[in-house]
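Number of protein chains: 2
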Amino acid sequence: MNTRGFVRKTRQREVILHVLRSTKSHPTADWVYQEVRKEMPNVSLGTIYRNLRTLTEMGEALELSYGSTYSRFDGNPENHYHFVCEACGEVIDLDIPVIAQLEANVSVQAKVEVTHHRLEFYGRCEHCKQTDSQQEAN
Amino acid sequence: MNTRGFVRKTRQREVILHVLRSTKSHPTADWVYQEVRKEMPNVSLGTIYRNLRTLTEMGEALELSYGSTYSRFDGNPENHYHFVCEACGEVIDLDIPVIAQLEANVSVQAKVEVTHHRLEFYGRCEHCKQTDSQQEAN
DNA sequence: ATAAATGCAAAGCATTTGCAACCAT
DNA sequence: ATGGTTGCAAATGCTTTGCATTTAT
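Chain order of the listed sequences is E and V. For the first sequence, our numbering gives the first residue as 1, with consecutive numbering after it. For the second sequence, our numbering gives the first residue as 1, with consecutive numbering after it.
Think of the hints as simulated: they come from the structure by calculation, not from any bench. Here the structure is a predicted model, which means the values were calculated and not measured. Some hints here could point you the wrong way.
The list makes no distinction among identical chains, and a pair is therefore deemed to hold if it is satisfied within one copy or across any two copies.
No more than 27 Å apart at the CA atoms, straight line, and that leaves these computed lysine-lysine pairs for DSSO-like [what the hints assert, rightly or not]:
hint, residue 1, residue 2
1, K9, K129
2, K111, K129
3, K129, K24
4, K38, K9
5, K24, K9
6, K24, K111
7, K9, K111
All chains, please: the whole structure from these sequences, using the hints.
So this is what it looks like as structure tokens:
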């Protein structure tokens with residue numbers, strides 16, 4: 001990865017993307033690592049992590065994580081939704097109705113037992129989106 | 001914490017819950033730690049973590065995390081929703097329409113710029129819910 | 001009395017990073 | 001030749017845990 005978004009084509013990234021595309025298992029970095037190693041025994045875990053991030057930034061993959069290495073806690077235990085600012089990390093409670101009916105749909109469709117769900121929105125908070133505009137003006 | 005759900009009342013847990021209730025900032029464990037220390041200088045980080053988990057299990061708080069310590073990746077970069085089995089960790093793609101209109105609502109209501117959102121359902125997958133029923137029968 | 005809870009410090013563990021060598025452009 | 005990329009290993013940093021001690025019931 002670099003600052004200006006210029007990306008070279010490498011065999012490692014090629015194989016990693018191929019592995020990602022060839023499964024529906026939502027693999028962890030380590031699983032990808034094991035798979036890639038079958039074809040490239042000398043690949044390193046660091047390369048897997050770096051490319052997984054690059055691919056995600058390129059829009060070629062999705063990363064399913066809360067986006068932060070640590071948990072945040074909410075003193076309000078009722079189900080409600082959140083907005084997360086990707087620039088400063090702030091989390092804001094949202095005041096939109098909880099769509100409970102979706103859970104029933106999912107239960108039937110996926111033949112699973114749904115106990116709860118989570119809905120989160122991501123982007124720039126009021127403060128950060130202003131900061132960005134100012135920077136763009138420079 | 002213990003196995004049978006019996007919980008004693010302690011000053012530490014009391015203060016931690018009070019700190020949680022008194023903020024809307026969705027604090028990290030460390031932030032809670034710093035706050036609690038103002039009142040109990042000798043409290044330990046381990047106690048914060050243990051109680052945060054206990055309170056979450058008691059339904060007194062919410063933990064905002066993906067529920068796993070590591071990220072999972074999805075080779076399908078189009079926005080779609082997931083079901084996560086809390087017993088085995090399996091992640092399943094869901095085939096329900098993406099509600100794009102919600103993003104506009106949130107933008108206006110919270111005065112933020114929404115770039116994307118994520119919706120996840122949690123519970124037991126087809127296999128694990130069967131396993132559970134069998135165990136209960138023992 | 002009894003076992004849950006604490007403080008402390010030492011792991012644990014997924015992920016990141018520094019650096020010299022390498023290779024795509 | 002230039003600088004993005006890699007492999008390797010050490011380092012990060014949040015979170016968990018073992019253990020002796022304290023404390024709620």
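Okay, the hints, checked on the actual structure:
no. : hint        : result
1   : K9 x K129   : neither (33 Å within a copy, 44 Å between copies)
2   : K111 x K129 : between (41 Å within a copy, 10 Å between copies)
3   : K129 x K24  : between (35 Å within a copy, 21 Å between copies)
4   : K38 x K9    : within (20 Å within a copy, 53 Å between copies)
5   : K24 x K9    : within (24 Å within a copy, 45 Å between copies)
6   : K24 x K111  : within (17 Å within a copy, 36 Å between copies)
7   : K9 x K111   : neither (41 Å within a copy, 40 Å between copies)
In summary, the structure is inconsistent with hints 1, 7 from the numbered list given earlier, while agreeing with the others.
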